[in-house]
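*Asks:* The chain contents come next:
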Amino acid sequence: MMLYLRLFYEFFKAGLFAIGGGMATIPFLYDMADATGWFTYNDLANMIAVGESTPGPVGVNMATYVGYVTGQSAAGIPGAILGAVIATLGLVTPSIIIILIIAAFLKSFRDNRYVDSAFYGLRPASTGLIVAAGLSVAVSNLFFTDTLAQGLSLAVLNWKGWILAVILWVLTNKVKKTKGLHPIIFILASAVVGVVFSM
Amino acid sequence: MNMLLDLFLTFAKVGVMTFGGGYAMLPILQRELVENKHWAAEEELVDYFAIGQCTPGVIAVNTATFVGQKFKGIVGGIVATLGVVFPSLVIISLLAGVISAFSHLQWVQHAFGGIRICVCILICNAVVKLYKKAVVDKITLVVFLLVALGAYFLSVSPVLFVVLSAVIGIAVKNWGVRK
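Order-wise, the sequence lines are chains A and B. The first sequence begins at 1 in the numbering used here and counts up one residue at a time. The second sequence begins at 1 in the numbering used here and counts up one residue at a time.
Some hints could be false.
[Claimed, not checked] Calculated lysine to aspartate or glutamate pairs in the EDC-like style (CA-CA distance at most 16 Å, straight line):
# : chain 1 : residue 1 : chain 2 : residue 2
1 : B       : Lys-173   : A       : Asp-34
2 : B       : Lys-173   : A       : Asp-111
3 : B       : Lys-133   : A       : Asp-111
4 : B       : Lys-37    : B       : Asp-6
Derived from the structure by calculation, the hints contain no laboratory data. Since we're looking at a predicted model, the values are computed, not measured.
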């Protein structure tokens, strides 16, 4: 019971403070990984990939997935379903409350200079938070962090990962034909590369 | 058809057809809400979307709540929101079950090894886009750098950074702190 309350509380917090769409949820999920130990950084990267490659808003998908995995480790499949429902409801509850309040005085909200100026500060902060979370994913995937403990050497570098990362960056930013493709295509291609090259 | 049921089903359809969220959703909402259902005018939708972006939470959810409450008050807002998340719940639960059943296989682990690298690049690309909109002058650059470094090296809750940066934004814009 405590686990589900905690799950609701953690996602309520994410729903309340994650501003600017799906990716903004990620820093809160990292914080959750640190604070609760429910999942590892690697689990989380898998959850992000699944959230990006399935229908539905990314933030909602990730909440459902985290809730499912967390509930499953506590109480099997019924626990997993309950966890998925509770995490998702936790995420959307603050939105519902806030939007219902705003809808009551829609016009004055948009023209309010305090709202506008708060977002002047919030946008760069939200971007900074995503950078920090992104760095954690990158470090744990591009370096073998357990080898790092034994001292600095070239063995620390996940060189296959670096090569794939550079190729993906070029394909998503520089090559005209591929840069507009949906992320799911790159995710699937990376899965195939991962299997072929034992990553 | 019962209006509440209609709200639930329409937003469930939007949930299924949304892939990736954010801006990708706008054309789908346009087709369903403006053209098919005539539930909102084009300008209204843009308003909902703008507010959805500058309020906490997922944009798709915020828009659903808005439209639902317009027609059926608080209950409508809640029903439309449940509609938009319903497909995610079903699809992700099924998929998570499949993944956890096969996750011990070597090749599945290799596949996710490749996928995680891709996730790094996707986050990197998303950050570049957000950065261009968010960092517009020296003050926003300082906020961005401090939050990025602070969040990476200190173990404090992101909530702290969100609240502080909102206060900084209001202070700078309204009480004449010099740029």
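*Asks:* Does each hint hold? Answer for all of them.
*Replies:* Consistency of the hints with the structure:
no. : hint                     : result
1   : B:Lys-173 with A:Asp-34  : violated, 35 Å
2   : B:Lys-173 with A:Asp-111 : holds, 14 Å
3   : B:Lys-133 with A:Asp-111 : violated, 20 Å
4   : B:Lys-37 with B:Asp-6    : holds, 10 Å
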